[in-house]
Every structure is written in structure tokens, then in C-alpha cells.
Amino acid sequence: MKRLSLTLLLLAALCVVGCGSSDDSSSSASAGAASCKKGQLATEKQGVLTVATDKPAYPPYFEDDDPTNGEGFESAVAYAIAKQLGYPPAKVEWTVEGFNASFAPGPKDFDFDVNQITITPPREKAVDFSAPYYKANQAVVALKDSDAAKATSLSDLKDAKLGVQIGTSSLEEAENEIEPSSRPEVFNTSNDVVQALKNGQIEAIVVDLPTALYLTAVQVPEATVVGQFGAGSGEAWGALLEKDSQLTGCVSAAIEELENSGELEKITQRWMSQAAGAPELH
Amino acid sequence: MPSDRRLEREAAKRRRHRRGQAIAALSSLIVLGGLATLILTSPGWPEVRETFFNWDVFKDSFPDVAKAFWLDVKIFIVAELAILVVGLVVALVRIARSPAMFPLRLLSVVYVDVFRGIPTILLVFLIGFGVPALRLEGVPSDPIVLGGIALALSYSAYVAEVYRAGINSVHRGQRDAALAVGLTETQALRHVILPQAVRRVAPPLLNDFVALQKDVALISILGPLEAFREAQIIEAQLFNFTPLVAAALLYLAVTIPTARIVDRLGGPEGAVR
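In the order they appear, the protein sequences are chains V and S. Here the first sequence stands for residues 1 to 282, numbered as in the working numbering. Here the second sequence stands for residues 283 to 555, numbered as in the working numbering.
This list has only true hints and no planted wrong ones.
In silico contact screen, one side only, chain S against chain V (beta carbon under 7 Å); selected entries:
hint : residue
1    : V330
2    : T333
3    : A415
4    : P425
5    : G505
6    : L507
7    : Q514
8    : F521
Calculated from the structure, these hints are not laboratory results. Just so it is clear, CB atoms sit at the ideal spot from N, CA and C, and this is done for glycine as well.
Work the whole structure out from these sequences, hints included.
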């Protein structure tokens with residue numbers, strides 16, 4: 001009994017230390033565009049811009065799992081942002097940053113991270129986001145010969161067993177828009193979701209539309225994009241930066257310039273153009 | 283009326299006891315206080331408190347994580363029952379002496395070697411995704427069932443060895459005596475050897491169950507929304523790690539009581555046999 005109470009006491013003590021109520025730190029303190037001197041930003045590594053993404057890096061956002069080749073949507077966007085900031089491709093370095101690590105507290109070893117990360121207010125408490133560079137719809141993927149593939153509306157999918165990847169906003173979107181009768185299964189990686197679909201452990205995948213198109217074109221040709229949804233809300237992806245980074249304003253300004261000049265549209269057209277073709281689900 | 287010497291001896295004993303307590307209290311204060319100071323004054327502490335020990339996030343996420351934890355509890359209870367049976371069967375096969383049992387004995391050795399030798403997470407993954415891919419009629423494809431089977435297979439291999447050690451630790455004379463009074467081999471095993479063996483290995487057996495109660499979280503890789511997965515989902519939504527701390531507390535809530543039971547079983551009265 002004595003030992004038990006000591007353990008409890010220790011736990012309680014830890015909680016007194018740890019569970020203290022939080023004081024909200026002020027959010028969104030981005031440096032003005034004034035300090036964005038081309039090629040001379042206060043980057044992690046002097047003189048170079050360090051960009052991060054997860055590994056493996058999937059098409060159509062990256063090609064051949066190699067962010068440095070400039071191929072794929074996010075690779076192209078990153079190099080375009082870098083160019084706007086005064087860093088030619090030779091002055092851009094890539095680093096691998098897992099999704100969880102990208103928002104863990106502590107010093108970051110990248111200047112910004114592009115990893116199809118949706119901007120949401122709760123997340124903005126932990127990190128900075130740039131202005132959005134893409135608005136993604138959600139899509140439903142199912143095996144061609146399945147019942148789910150015949151769905152013409154979101155309510156047709158209510159009783160389907162859904163699967164999503166962890167960390168994606170697809171889960172929230174699926175729960176809010178489809179309102180499934182049982183909760184979706186949540187997998188570690190995109191590959192695991194696909195395996196579960198092939199195995200018949202789930203009947204449909206909910207995923208960002210560009211990913212859905214890649215999956216059906218390359219990874220699971222026996223599957224089809226049933227349709228897309230969420231056109232109204234449209235998830236906005238932004239570059240992720242350390243909380244209160246001095247670079248946030250600069251990166252946002254660069255993205256806005258790319259948008260105004262039509263360059264961003266061109267990149268989007270080149271890598272994500274198929275996204276327009278999928279039928280809409282309501 | 284106690285003698286003076288006795289009174290003096292008792293007084294000295296009390297003084298020693300009080301001194302011991304004072305030293306224990308002081309050293310606890312220094313060590314624990316030092317650790318707390320080190321953590322609380324570290325430059326990253328405010329940020330860590332905000333992202334790992336955020337009370338508001340804890341309050342909001344705890345009910346969801348706790349609800350998901352119920353799935354963990356159900357899985358490990360069923361798995362533990364299966365493990366007790368499978369482990370015993372494997373151990374009995376392995377100690378059987380009959381020559382006819384040789385192929386089964388060989389299988390049991392291979393089973394223990396293989397399933398104890400593969401990382402549990404890998405086993406969960408291979409069985410969870412591999413078995414349904416075979417597309418066999420009547421074989422379950424539910425990830426919860428498959429994950430539970432994977433855990434049961436892995437832990438049964440450990441528990442079989444624990445049983446075997448227990449059975450081997452019962453003195454040979456016990457068996458001989460049982461046979462001498464007219465029991466058959468099976469009866470001797472059932473009524474004389476096993477009861478002693480099982481009582482002896484109860485602490486290491488429960489020790490394996492403590493490990494299993496944490497490893498249930500591995501099933502999350504197959505998709506089911508158990509506590510760790512639920513916590514990860516909220517973590518990714520909020521970019522805040524507090525839900526994972528909430529999940530950790532829930533696992534502790536079952537593993538610490540089990541550990542206390544282990545302590546009691548292995549306590550002073552069991553120490554000398």
C-alpha cells in the first residue's frame with residue numbers, strides 16, 4: 001500500500017508540474033515584407049534556403065521521391081518561392097522532415113516545409129503558415145467492381161467502410177460531409193490504406209483529390225475515383241514555418257506574387273490539371 | 283518493567299529510524315527537486331508545457347481517448363485468455379517425451395523461435411495486411427481480430443517458455459512420488475506438477491501481460507481507432523501532443539495495477555521456496 005501511495009503521489013506531483021493551465025501565446029507575428037531582402041534572409045543556414053518535406057515524397061507533388069529535381073507540384077512551387085526570395089535552385093537545399101516532427105516544439109532545421117499541410121486555426125497556434133498555395137478537394141476512391149464505386153451522392157457512401165491516412169484532414173472532411181454510420185479506419189501511410197482497400201478491409205478511401213488521381217492512375221489501376229467533394233470549403237495548403245518565424249511574411253509575399261503573376265496557376269495546371277475532371281459528389 | 287539497557291536500545295533504534303527517514307526525505311527533495319528545477323527552468327519548457335501538457339487540450343481530448351481505450355482493454359483481455367491456453371499447450375507439447383510427439387515437438391520449437399524472434403509490430407503488420415490478401419474463404423479480415431491474433435501468437439511464444447520453465451522447476455521427486463502412489467503420467471502432470479508450476483510462474487506471466495497491455499497500441503497500424511490512434515488523430519488536428527500524454531496515462535492506469543499484483547505475488551512470502 002505504501003508503495004502504491006508513493007506512486008500516486010509522484011504522479012500527482014508530476015501533474016502539478018506538468019498539467020498547469022496554458023497561457024495562449026500570441027499568434028501570427030509575421031515579419032513585414034520590408035525585411036525580405038532578396039537572397040539575404042535570416043535563413044537557418046546562411047546563404048541557402050532549406051526546404052523540408054516528408055519521405056517518401058509522393059507524386060504528383062514530387063516525382064521519383066526526389067524533391068531536388070524540380071518535378072512535381074510542391075517541388076516546383078518550392079523552387080518558385082525560392083526564386084522569388086532570391087535563391088536560385090543551386091542555393092536551395094532539401095531536408096527530410098516527418099509530419100509529426102514538423103510541428104513538434106524545439107528548433108527546426110528547415111526554413112519552410114511543404115507537405116500538403118492544410119491550414120487550420122488550431123494548427124496555427126503551434127506553427128506559422130504561409131499564404132495558401134493550393135486549394136484541395138477531397139475525393140473518394142473505390143475498387144471499380146464495388147458497390148461504393150456506384151455511388152452518385154455522398155449519402156450513398158454512408159454505410160461504406162471508409163479508410164483514411166493519419167494526419168490528413170480527409171478524416172474530418174469524411175466525418176463531416178459523408179457522416180458515415182461507422183467511424184473510418186485510420187492508417188499510418190497512404191500505402192497501408194491502399195493495401196486495406198485491395199484486401200477488402202475497407203470499401204473506399206477518402207483522400208485529397210490529386211492523390212486520388214495518382215493512386216488510381218499508378219498504384220491501384222483496379223480502383224476508380226468515385227467523385228470529389230468539399231468544393232465549398234476547399235482545404236487550403238500552406239508552407240509550414242516555425243512559430244513566429246521571421247520568414248513567414250516573406251514566404252507569403254512570394255506566394256502572393258506568384259499568384260498575381262500567374263506563375264502559380266501555370267505550375268498548378270502543369271502538375272494538378274487532371275484534378276478538374278472528377279465528377280462532383282453532393 | 284523493561285531493563286535500562288533495553289530502553290536505551292529501543293531509543294537508539296528509534297533515533298536510527300528517524301535519522302533514516304530524515305535522510306530519505308532530504309535526498310528525495312534534492313533529487314526530485316533538482317530534476318523538477320532542471321525541467322522547469324529549461325529554455326524550452328514553456329513551449330513543451332504548451333504542446334505536451336496543455337490542460338485545455340487534455341480536458342477536451344481525454345473523453346475521446348478514454349472511449350477508444352476501451353477497445354484496447356477488450357483486445358488485451360481476450361488476447362490474455364487465449365495466450366494462457368495457447369502458451370500452456372505449446373509448453374506441454376514441448377516437454378512431452380513420447381517419440382510419437384516428435385513432429386509436434388519440432389513444430390512447437392520452431393513456433394517459439396519464429397514468433398518470439400520477430401518484432402511484434404512487424405508481426406501485426408504482416409498478419410494484419412498479409413492474411414486478408416490471401417483471399418481465403420472464412421478467414422477473418424477484420425483488423426481488430428487479426429491484430430489480436432498477431433499479439434496472441436507473439437505473446438503465446440513467450441508465455442510457453444515461462445510455463446516450460448515453471449514445469450521444469452518442479453522437482454523430479456514430485457513426479458516420481460505421484461507415480462508411486464498410483465497416478466498416471468497425465469494425472470501427475472494435471473494434479474501435482476502443473477499446480478505447483480503455475481503458482482511459481484505467476485509473477486513472470488503477469489509481467490508478460492503488462493508488456494502486452496502496452497503493445498495493444500500496435501494494432502493501431504492496421505486502422506482501428508484505439509487509444510493511441512485516437513490520440514494521434516487529435517494531435518494531428520491540433521498540432522499538439524497533449525492527447526498522447528492522455529493516452530499514456532490511460533495505459534499506466536492498467537499497467538501499474540498489474541505491476542502491483544506482480545509485486546505482491548513475488549513478495550516476501552514467495553521469495554524463499
